[in-house]
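S.K.: Chains as they are written, first to last, in our numbering: chain A, 1 to 400; chain B, 1001 to 1400; chain C, 2001 to 2371; chain D, 3001 to 3371.
These are calculated hints, taken from the structure and not from any lab test. Accuracy of the hints is not assured; some may be wrong.
[Said to hold, decoys possible] With a straight-line cut-off of 30 angstroms between C-alpha atoms, the simulated DSBU-like cross-links for lysine-lysine are:
{"hint": "1", "chain 1": "B", "residue 1": "K1327", "chain 2": "B", "residue 2": "K1255"}
{"hint": "2", "chain 1": "D", "residue 1": "K3254", "chain 2": "A", "residue 2": "K385"}
{"hint": "3", "chain 1": "A", "residue 1": "K385", "chain 2": "C", "residue 2": "K2254"}
{"hint": "4", "chain 1": "C", "residue 1": "K2337", "chain 2": "A", "residue 2": "K327"}
[Unchecked claim] Far from chain C, by Cβ distances over 10 angstroms, these chain A residues were calculated:
{"hint": "5", "residue": "L14"}
{"hint": "6", "residue": "R27"}
{"hint": "7", "residue": "R129"}
{"hint": "8", "residue": "N137"}
{"hint": "9", "residue": "G179"}
{"hint": "10", "residue": "G190"}
{"hint": "11", "residue": "K317"}
[What the hints assert, rightly or not] Facing chain D, according to a computed beta carbon distance under 8 angstroms, are these residues of chain B, among others:
{"hint": "12", "residue": "T1089"}
{"hint": "13", "residue": "S1118"}
{"hint": "14", "residue": "D1187"}
{"hint": "15", "residue": "L1262"}
{"hint": "16", "residue": "F1285"}
{"hint": "17", "residue": "M1322"}
{"hint": "18", "residue": "S1323"}
{"hint": "19", "residue": "E1363"}
C-beta: ideal position from N, C-alpha, C; glycine also.
Letter by letter, the chains look like this.
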Amino acid sequence: MNFDLPPEGDPRRLEVRAWFEAHPKPRFREMGEAGYVVPHWPRPWGLAADAELQLIIAEEIKRAKVTAPNLVNPVAINNCAQSLLTHGTDAQRKRFLEPALAAEEIWCMLFSEPSGGSDLGALRTTARREDDHYVVNGQKIWTSLAHKAKIGVLVARTDPRATKHGGLSQFLIDMDSPGVTVRPIIDMSGEENEYNEVFLDNVKVPAERLLGKEGEGWDISMRQLQTERVALSKPGAIWGAGPSARELVDGLIAKGAMRDPLIRDEAAKLYIEGEILRLLAYRAFSDRMNAKDSGPESAARKVIAAPHGQRVVDLAKRWQGMSGLVKGAETLPMPEHSDGLFDDWDYAFWFNPAVTLGVGTQEILKNVIAERVLGLPRDRDPTAKTPWADLLAAKLQTAA
Amino acid sequence: MNFDLPPEGDPRRLEVRAWFEAHPKPRFREMGEAGYVVPHWPRPWGLAADAELQLIIAEEIKRAKVTAPNLVNPVAINNCAQSLLTHGTDAQRKRFLEPALAAEEIWCMLFSEPSGGSDLGALRTTARREDDHYVVNGQKIWTSLAHKAKIGVLVARTDPRATKHGGLSQFLIDMDSPGVTVRPIIDMSGEENEYNEVFLDNVKVPAERLLGKEGEGWDISMRQLQTERVALSKPGAIWGAGPSARELVDGLIAKGAMRDPLIRDEAAKLYIEGEILRLLAYRAFSDRMNAKDSGPESAARKVIAAPHGQRVVDLAKRWQGMSGLVKGAETLPMPEHSDGLFDDWDYAFWFNPAVTLGVGTQEILKNVIAERVLGLPRDRDPTAKTPWADLLAAKLQTAA
Amino acid sequence: MDFALSDDNRTLRASAQDFLGKEIDLDPLLRPNATVADAGYAETWKKMVELGWAGLIIPEALGGSGLSCLDLTMIVSEMGRTLAPAPMFGTLAGSWAILEAGSEAQQQAMLPRVATEGLRLALAVSDGNGLSDGPGSDTLATETGSGYIINGSKSFVVDAEGCDFLIVAAGHAGKRGLFLVDARQPGVQIGLLPWRDPTRQVCAVDFVQAAAERLVADDTAVWPRVRDRLLLLLAAESAAGLQAVVEMTVAYAKQRVAFGRPIGAYQAIKHQLADMFSEAECANVAVLHAAWALSEDSPLASRSVAMAKSYACDAYVAATHRSIQIFGAIGFTWEMKNHLYFKRARANAEMLGSPAVQRARLIDMLEREAA
Amino acid sequence: MDFALSDDNRTLRASAQDFLGKEIDLDPLLRPNATVADAGYAETWKKMVELGWAGLIIPEALGGSGLSCLDLTMIVSEMGRTLAPAPMFGTLAGSWAILEAGSEAQQQAMLPRVATEGLRLALAVSDGNGLSDGPGSDTLATETGSGYIINGSKSFVVDAEGCDFLIVAAGHAGKRGLFLVDARQPGVQIGLLPWRDPTRQVCAVDFVQAAAERLVADDTAVWPRVRDRLLLLLAAESAAGLQAVVEMTVAYAKQRVAFGRPIGAYQAIKHQLADMFSEAECANVAVLHAAWALSEDSPLASRSVAMAKSYACDAYVAATHRSIQIFGAIGFTWEMKNHLYFKRARANAEMLGSPAVQRARLIDMLEREAA
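Can you make the complete structure from the sequences, with help from the hints?
M.R.: Here is the structure:
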């Protein structure tokens, strides 16, 4: 056991650092060719890197002050594109992977629907096969990046006679297809830069855009969301981004706020939890390094991480007192380099209720732990085994 | 609206006080004849008193430093004897009420069973009719006062072909009958003065000891437990008895412990909650005065009161530091007059986990609020409608 | 002893419910950058004046209704439940200040106009850090021959913009006094703060050589009494808002379906709602006791008010967060009301001393009593 | 970088599990008034000595195994999981004190006997209020010609009764020093405290003209290092006990039936168990990091230990309470193990500084670093 991260003199680190010194402002395509966009993928896209090398590359990207491509095209790079390795055709890999990894084509996930919520399998968007294409109708919601995306990863129902999970398929659709309309959602922070609604009105999707086989949509999507859960559970307050408990404590010390023993104790609790979350994230990394599946245990990390982040920004907000209600008032300081929107303490606070909404509510995560890790009996979903069409007919999708 | 309690000069108060001055050490039977044991009952047992008069009598009993009879015979006086008014025969009222109200015959409740827990309806004790009596077999647990009791209020299954709730009946049994064995339970405080196991081995119970009709046992018992819930929700830490948040705060001030701002804030939270619980208890009283059914809202009070009490004794315990682990070490002070065991801070702490176990777990109480007050869908009990004998045959009482 | 509301209380509450139910429409606030002005702030006030609500706490002799704090609570609770945008807070605050600190002549000059004409007031006590108990050195009054001149600035002044008179806490001769200031003079500059709670109008005010009249009573005696009443207001709004949030969340949980059942059928949700309901009951009784104690001028009033403010605000903050969680992602959008309650809860919690500050005050009071 | 346990770590843990699984039987404690003596306290220690566990942290040169803190954690965690009653805590504490404060000669004189003969030690640092960081004025040492004489008293001394030597913190010349005291001399009176946790032996000790030998090193340099190791011990015990409690509660929830289903099928129970599991994961990784940091003599070690103690103890206290709730009334009886874990958790939380004290220390350290 060794909690030290790869040291400064690590030869692999030196090699990566040398590359970034030779390419001071690399284009993403260059980084992709070097294998630095998805180092854990097999060649030619990645380097088949172990977890330590992945960490080294991530740290060196940060050190070189280069924007990480996965910040620009997270849906493709963190979640979905990997499915093409296992379920895609050669033609699909050829068409999609390069522009995705170079962040030249932004992807978005067309998963959630207004009627669905955490019951993703109850989605209503349909894809009807006609000759050499599918015709898609429906509505998606909570789609990050939809307004910037060229490619949408769509889950839609291709077989209404199958069960709610069994009748789903996944497609890679062009977001500029006729019939696709994107409308931003203004969230309670007052900003509209995060989420969108997407309306799909008789959208024609060529049959070769089907990923995997018909009916595999549920399994493929679940694997993609699982990946997201790992990526999202770092100790920044907002899904790993934004301020962490370290910044909270540094800021409170700098502002002299630790003189208040109530703040002192609360900040200490958060600091401890934040350090533990950091260790858990590294351990998940390390487990992968030891070829051990981190699996549903990662849900445990997220179940702690999400409310942790909310309490971090809450304490920072309460430290402001009355001024905390004034937009633009002085907040705790943040480090100079900024990774994005959430690095603003004020914005992070007004956004924070979403943290426990996105990517599996707390309740679902706790069920995952209880059922898959602890082996407790499963919650029954009375709609799981019935053909979708029968559910619709029985109106089992409206209130009992 | 008027939050003042009945004033000193209230004529009814003066009358009660005069009685206690004339009877400085009253026997319970005298108090019973004066109507002061169950003032809310109709005459001749009570005074048909409104809530205000009940409160006056309770206060004057305390003021006269007389032990309240319901502390000595709580099961009869607080919970069960009242059922004889509605469900008993004349002969039963004649036989049981006077000695019960005079606390000359102590009662106990033979309800809970080892296999049942909060699912009281799943009890297994049977009462088989034979000629002019019933033969009772089974085991009861968590019976307070069984070692002192003359009369046991027994719930047993008289009809195994009925549903789990439908086949139950209630009896008033003699605790000195052959076949009744009482064994004390030693609880985690190390004391054995609170609970017992009761074994019932071919106990003969005369048929005239049946209360109400066969099959009414569930309804009668539920009403008795409901009464208990109201009685138990005063702001003392242990079901209304023992130290309250006021004593906590007084003690911490007296000991100079409020200098610690963490203790100060926690104590303040508890003080506030304690005062609110006091108001809620009075309001329930007042509602009764206005002939308004306080009903399941009292579950809300209990749901707050139980963990409140646990936090009160927990903070007092943590104030002791290491010494808190030493039996007999100095605790926070308590007022001079003591109402019983729980007035010891140390004992109250080591007893406290039981507070959320007795009389409806927190989970059951929250279900009551959610379902009966808020109108949310009921938890399904898949065993509710099936004949008990079939449940037994299907082993639906063991793990799935 | 009677813990139930009187028939008069109930009637008052019902009439407030009736009026506000018809009058208040928060939909205009569910668009970005909307302000109270878009939600009928001025228009609603006009109707309130017609109803006599401008003079609720002003004695009948001065043209008002002379309601007790308990009566008043019936109305302001309903305003809290509906998040009614209207300049009630400022006018109540100003009226109390004049009632407590003004001479008879000053009361005569101002309060009948408030009660009958709907003259709008605002109370400027907080400094830029939100402290309202300080010495007031951020704003200073200078005596002139005919009166006073005020210079300085105040912040977090509720309902200042559009008001007619400000009552300003300002330092003078080393002490803090309360001054009556005509808000419409050039030396008074009022600016809207970018306040996160869009249902309330909160301002910063600068004074440059502003003419002022001193209210006669000593601020140290007056301010605690005014503050207690304002704390009651915040607590009452919060307890009632909390109840509204519980109701709307329960309704949603009955209707929203997941995995084939209403989400309110799941224990995880049921138990959260049961907790929220229980806390709402607690907040409600705490507020009623505080209102009654103030009405009776009970020696326990300050303590009771501090308790009500601390409890109700904490519970409101927790429940409005929880409500968004139960609604799910839709509850996080600007077009739902959830965030309005969330923001009101956060703001009320901070105004005039956070829950933790109230708790510290409570123990102070208990310690003084024990000593 | 490798966050997984090494094969050596795993082997060590497995062998500890194996031994303790066979050896430890808590049933004798599930009768009232039983003490550690009834649960094999002395007998288990004999076997531990045979296994070499008496000298785990004593260097190989002095006859021990020279384990790192990380290695040691594998074993003491298993003792925490099984609540093993045996004089390990006292002997480890004493050994560390001698290792850190003793001269080479003192180490040579004592530690080989500990490692090979199972000489039992106990560390007497806490005063009657449970403070272990004070100046030691409750116990004073006086120099004599040949050595020292100690007078005074100590409390909360773990494993004192039956021990061979005490290491005592006593005041001398205005400073606190550590003194080696033969526990079997008449001037040393050891009394069992009526300690609520029946799995641990805790004593009060009086010294009347007790002969003592001074350990050479300065206490102010030594005590923080010893304390860090003892805090790790408590944290490791707590994290492992927590895991045991989660496991036994999950097992019970699968088997106990209410309303026709295992109680573990209800969301209310499932979610509590999920929370307990998650906190156990957190406690575990916090302890491993602290153990590793101490093993590496990392500058972060003190901080990491304070964090592990605070987190693991809080989580252990919460989970042992929760466990009784999930077991229901049966979990409240003396005949079940639940209360043993509950009491160990409460005791560990208070020993050597409560979780709140550890948090205050943590911020102190962070502030010093920031300054």
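S.K.: Could you run down the list of hints and mark each one as holding or not?
M.R.: Hints, verified against the model:
no.: 1; hint: B:K1327 <-> B:K1255; result: 19 angstroms, holds
no.: 2; hint: D:K3254 <-> A:K385; result: 25 angstroms, holds
no.: 3; hint: A:K385 <-> C:K2254; result: 24 angstroms, holds
no.: 4; hint: C:K2337 <-> A:K327; result: 20 angstroms, holds
no.: 5; hint: L14; result: 45 angstroms, holds
no.: 6; hint: R27; result: 36 angstroms, holds
no.: 7; hint: R129; result: 28 angstroms, holds
no.: 8; hint: N137; result: 21 angstroms, holds
no.: 9; hint: G179; result: 24 angstroms, holds
no.: 10; hint: G190; result: 6 angstroms, violated
no.: 11; hint: K317; result: 8 angstroms, violated
no.: 12; hint: T1089; result: 34 angstroms, violated
no.: 13; hint: S1118; result: 6 angstroms, holds
no.: 14; hint: D1187; result: 6 angstroms, holds
no.: 15; hint: L1262; result: 6 angstroms, holds
no.: 16; hint: F1285; result: 29 angstroms, violated
no.: 17; hint: M1322; result: 3 angstroms, holds
no.: 18; hint: S1323; result: 6 angstroms, holds
no.: 19; hint: E1363; result: 5 angstroms, holds
Taken one by one, the earlier hints fail for this structure at numbers 10, 11, 12, 16, listed in ascending order.
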